[in-house]
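Guided by the hints, dock chain B onto chain A, whose structure is given.
Residues per chain are reported as follows:
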Amino acid sequence: MLKFILLVNKQGQTRLAQYYEHPEHERVSIERDIIRKCLAREDSQCSFLEYKNFKLVYRRYASLYFIVGVDHTENELAILELIHNIVETYDKYFDKVCELDIMFNLDKAYMILEEMVMNGRIVEMNQNRILLPIRVMDQAAQ
Amino acid sequence: MSQLLEKLTMPAPAKLRDLIRQIRSVRTQAEERAVIEKECASIRGMFREEDNTYRCRNVAKLLYIHMLGYPAHFGQLECLKLIASPRFTDKRIGYLGAALLLDERQDVHLLVTNSLKNDLNHNTQFVVGLALGTLGNICSVEMSRDLAGEVEKLLKSSNAYIKKKAALCAVRIIRKVPELMEMFLPATKNLLNEKNHGVLLTAVCLITEMCDKSPDALAHFRKQNKMVPQLVRILKNLIMAGYSPEHDVSGVSDPFLQVRILRLLRLLGKNDSEASEAMNDILAQVATNTETTKNVGNSILYETVLTIMDIKSESGLRVLAVNILGRFLLNNDKNIRYVALNSLLKTVQTDLNAVQRHRSTIVDCLKDPDISIRKRAMELSFALVNSNNVRGMMKELIFFLEKADAIFKVDCTSNICIAADKYAPNKRWHIDTMLKVLSTSGSYVRDDVIAHMISLVSEASSLQAYTVQHLFRAIQEDTTQQPLVQVASWCVGEYGDLLMSGQVEEEEPLQVTEDEVLDTLEKIMNSSGSTAVTKSFTLTAIMKLSTRFTQTIPRIQALMDQFGSSVDMELQQRSVEFGKLFKSYDHMRSGLLERMPPLDAKVGSKGDGEGANTNGETTAVSPPTSPAVKQEEGNALLDLLGGGPSPAPVIPQMEKPAAPPAANNDLLGDLLGLDLTSPAPGPAPIVPGMSAPQPQMDMLGGLMDGVAAQPAGQMSANNLGIPSLTAYEKNGLKIEFSFQRDNSNANVAIITLTATNSTDTPMNEFVFQAAVPKTFQLQLQSPSGSVVPPSNMGVVTQVIKILNPQKAPIRMRIKLTYNYKGTDINDMGEVNSFPAALWQ
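Protein chains in written order, with full-length UniProt numbering: chain A, 1 to 142; chain B, 1 to 840.
Treat the hints with care, since some could be wrong.
Unchecked claim - As a list, the in silico SDA-like pairs of lysine to any residue whose alpha-carbon atoms are at most 25 Å apart:
id, chain 1, residue 1, chain 2, residue 2
1, A, Lys108, B, Thr124
2, A, Lys55, B, Lys367
3, B, Lys334, A, Ser63
4, B, Lys334, B, Lys270
5, B, Lys334, A, Asn85
6, B, Lys312, A, Thr73
7, B, Lys367, B, Arg357
8, A, Lys108, B, Lys375
9, B, Lys117, A, Glu21
10, A, Lys37, B, Ser372
11, B, Lys334, A, Asp107
12, B, Lys334, B, Gly251
13, B, Lys270, B, Lys375
14, B, Lys176, A, Ser63
15, A, Lys10, A, Arg36
16, A, Lys3, B, Glu142
17, B, Lys375, A, Asn53
18, B, Lys213, A, Tyr19
19, B, Lys81, A, Pro133
20, B, Lys38, A, Leu39
21, A, Lys10, B, Arg33
22, B, Lys409, B, Pro425
Unchecked claim - Going by beta-carbon spacing under 8 Å, a handful of chain A positions derived as facing chain B:
id, residue
23, Ala40
24, Ser44
25, Ser47
26, Ala62
27, Leu77
28, Asp107
29, Tyr110
30, Val123
31, Glu124
32, Val136
33, Gln139
Please keep in mind that the hints were generated in silico from the structure rather than gathered at the bench.
A virtual CB, placed ideally from N, CA and C, is assigned to each residue, including glycine.
One chain only, chain A, in its complex shape (with noise of 0.2 Å):
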């Protein structure tokens, strides 16, 4: 089960949270120091950090970092394939998607990811079934 999704940018900046669980109160402290931890990794290191009584699985493109917490019951394997999946969906939506894109479309990238993951589990994998029902939504506020 997953815990969270996070996309933070190299400086440390959050560009989206989705938490299936409820953190602590500290949420943001804990943010930051599980964003210091992954930014800090060299390229050479291994995707998968111990934090706490959960994993990290962590994936690094262009500027952004693309941070999954799970439990321990996942394979960490296929949360890297799940990364990749987001990540080529929002650039299909986006045609060559980027930071910018994703900062000034909050709301459409919070809405693709909800189509993919929820409540912790994978809902949906095939891109097109995915974005179906942001394409009808776009459509109908035009």
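Just chain B, lined up with the frame of chain A:
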């Protein structure tokens, strides 16, 4: 009129983009806070005015602000209003806001229930989907109860989009309110027949959750013989179907579904041989057919390996799994190596031989640049050490120790100590290894390792000269590592004469004068880096040297007096007492400072009781007065000699060292202390060990009370031939009692219990407890260990003393607790048939 004017002239609130741009342009944290506060104030104002047109925009901004970490709870009610609005875009933002800002802890969320109920019955699938999504993210116990019925209805709908969301919603509901699980059980039956992968994925997830939460559901799914074959069929289709553009990820079709199914199979097959058999083929197929060039394939293989390990698979499959892990280890990708090491750690408990084959690769991982990989490789290496490979492994591990980070060093040294103890091929190698450990990471060594080292040296009489020379050389160079200095100074004190004589085979003798030795020791005493404990050790050593050295006695005396006014209480006391020895008791000095008899090898075990813990065990001999007094003398001697903290715990074993001196048993059994067999012959070997100090003991007759009694006669054959008794035998655990009478006190019966384990799995955390009727008094000494090795390879012994003044028939109730194959087992029993000779 004026109101209208106001509304027209008031600027429209900023769009989300503009706010973001604004925040990006500020440069300091304070400026950012100012911008956000201003925006929050304006938003709050607009909320108060109940302005519908821009509510959407405002809530979106509020979400952004919340994400940055600022408080945004005043927007919660607004989200509710948005949800209630008929416009889709409003609902969208409203639900998003609800999902992010609300959680179970707020009371406000209950208000959402009504809107959710309406939306769940909406015509548009997307609205239903929205509602389900939010429900799945935030619902609480009450909400679950209210809306479970709706969700269940939607689970049966024909729309795949809705079904999959409903399934995940059900997952959350079940977690919150386990009783509602039955409601969803019938619906799941048909879910697996779907073609849509999204539905399949969520359905598998739902079933997994059910099986996880309730063993009844698990049994239900297992019995439904369709389940396992169905899953197998789906998996087969996925692998064989060839390229399918819909679900393809780098050449593998829908890896996420594959992984999920494998995980469910794991749950179903655990501890169930029938289910496991059904999946054997498909697991083998997945394992061999999956491409390993990309991460995708590897993730599926990893899940497969985990599944194979958990279910009751046949051995061929297990070997296949371990081989896959071995291949992972050679992969360039560090993530995969990490994952492999992790799983190997789990499997090494059960499949030791299979993992041994990959030992060299694991040892290579010790040099990996990544710290988490190194840590796991170290743990795994320790698990793999056995008597065949101990030399090579130790070399690698010591090399690793030199470069390791501080956090590893403590664990590493203790583990090296335990491993060296268990598998040392000979004493010299053992001592060499310990010396290396002490000199490379001396400051991180635990205290029990120091004690162990000292007792080791004291036993290895042939190697004492060699050891003391090495140690002396080591402290000549470096006096900062406290444990090293402690051990070295103790040895120098004890064996200083050997240092002088310089006789060591194979090595050039160290030419050193008494003054040089004293110089080094004095340096240690005066160095500010030495701790109080180290100084105590050294002071004692200097004192002992006064009998070993011949020429420098005045210097030693002067050194002693120097510390007579030391600030440290301990040092002051010692130096004054030693000084007094010189003055008033000079005739006794040589006797008091005699060399110590060999101490017991005591391994510091970290809960791994297999390291022979010979603590106070096998006291088959009733303590007749003389050994008891000898022990007191021993205590007194050691006290006078100021034995530091470490020799102290060893004192109780002076009474009856279970590892008898070299005379009788071979050094190996001696060292491992595994010679825990019949306690009866034990007493006899004490005699040669004890006999040496005896003449001095007589000299001290004036100080102690009656020592006269000869131990030899008494100690032999105290076992008056009382037959032993099997007290308990069940599930492979057998407990035998053997008996003796205490010679000094006819009312005391001594029972030695021996526990053996005939199964093939060790029994950990073995604890024996006993209770006797009120007329008796029971004394239970500490056991030799807490792990009963399998296949009768070794034993755990413990001594029980029963005081029976009324000479009544002895009865005893026993209770055993141990951990076998992961489960804790308690058992009780009664022993009534004690032989009459024991208590009459």
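Verification of the hints:
Our distance criterion of 25 Å between C-alpha atoms is met by A:Lys108 and B:Thr124, whose separation comes to about 20 Å. Taking the CA atoms of A:Lys55 and B:Lys367, the gap is about 24 Å. The hint holds against a cut of 25 Å. Taking the CA atoms of B:Lys334 and A:Ser63, the gap is near 22 Å; set against the 25 Å cutoff, the hint holds. Restraint check for B:Lys334 and B:Lys270: not satisfied, since their Cα atoms lie roughly 30 Å apart, outside the 25 Å limit.
Only pairs whose Cα atoms come within 25 Å are accepted, and B:Lys334 paired with A:Asn85 is accepted, the gap being roughly 21 Å. Using a Cα cut-off of 25 Å, the hinted pair B:Lys312 and A:Thr73 holds, with the two alpha carbons roughly 19 Å apart. As the CA atoms of B:Lys367 and B:Arg357 are separated by approximately 19 Å, the hinted pair is consistent with the 25 Å bound. At most 25 Å may separate the alpha-carbon atoms for a hinted pair to count; A:Lys108 and B:Lys375 exceed this at roughly 42 Å.
With a C-alpha separation of about 23 Å, the suggested pairing of B:Lys117 with A:Glu21 holds against the 25 Å cut-off. Straight-line distance between C-alpha atoms of A:Lys37 and B:Ser372 comes to about 14 Å, which keeps the hinted pair within the 25 Å bound. Between B:Lys334 and A:Asp107, the direct Cα distance comes to roughly 35 Å. Violation of the 25 Å bound is thereby established for this hinted pair. Our distance criterion of 25 Å between C-alpha atoms is met by B:Lys334 and B:Gly251, whose separation comes to about 22 Å.
For the suggested pair B:Lys270 and B:Lys375, the alpha carbons sit about 29 Å apart, so the restraint of at most 25 Å is broken. Restraint check for B:Lys176 and A:Ser63: the C-alpha separation of about 39 Å exceeds 25 Å, so the hint is violated. In summary, the hint linking A:Lys10 to A:Arg36 is supported, as the alpha carbons are separated by about 10 Å, within the 25 Å threshold. Straight-line distance between C-alpha atoms of A:Lys3 and B:Glu142 comes to about 23 Å, which keeps the hinted pair within the 25 Å bound.
Between B:Lys375 and A:Asn53 the CA atoms are separated by roughly 18 Å; this keeps the pair inside 25 Å, and the hint holds. With a CA separation close to 23 Å, the supplied pair B:Lys213 and A:Tyr19 stays within the 25 Å bound. Straight-line distance between C-alpha atoms of B:Lys81 and A:Pro133 comes to about 23 Å, which keeps the hinted pair within the 25 Å bound. Of the supplied pair hints, the one linking B:Lys38 and A:Leu39 is violated, its CA atoms being roughly 32 Å apart against a limit of 25 Å.
Note on A:Lys10 and B:Arg33: the hinted pairing holds, with a Cα-Cα distance of about 21 Å set against a maximum of 25 Å. Proposed proximity of B:Lys409 and B:Pro425 is supported: the alpha carbons are some 24 Å apart, at most 25 Å. Taking 8 Å as the C-beta cut-off, the interface hint given for A:Ala40 is violated, the closest approach to chain B being about 12 Å. A cut of 8 Å between beta carbons decides the hint on A:Ser44: the least distance to chain B is about 6 Å, and the hint holds.
Of the supplied interface hints, the one on A:Ser47 holds, with its beta-carbon coming within about 5 Å of a beta-carbon of chain B, less than 8 Å. A distance limit of 8 Å between C-beta atoms decides the matter here; for A:Ala62 the minimum to chain B is near 18 Å, and the interface restraint is violated. Because the smallest distance between the Cβ of A:Leu77 and any Cβ of chain B comes to about 3 Å, under 8 Å, the interface hint for this residue holds. The beta carbon of A:Asp107 comes within 5 Å of a beta carbon in chain B, closer than 8 Å, and the hint placing it at the interface holds.
Among the interface hints, the one on A:Tyr110 holds; its C-beta lies about 6 Å from the nearest C-beta in chain B, closer than the 8 Å criterion. With its C-beta approaching chain B no nearer than about 6 Å, A:Val123 sits inside the 8 Å limit, and its interface hint holds. Checking A:Glu124 against chain B by beta carbon gives a least distance of about 4 Å; that is within 8 Å, so the hint holds. Contact between A:Val136 and chain B, as hinted, is supported at the beta carbon level, the nearest pair being about 6 Å apart and thus within 8 Å.
For the restraint placing A:Gln139 at the interface with chain B, the shortest Cβ-Cβ distance is roughly 11 Å, beyond the 8 Å limit, so the hint is violated.
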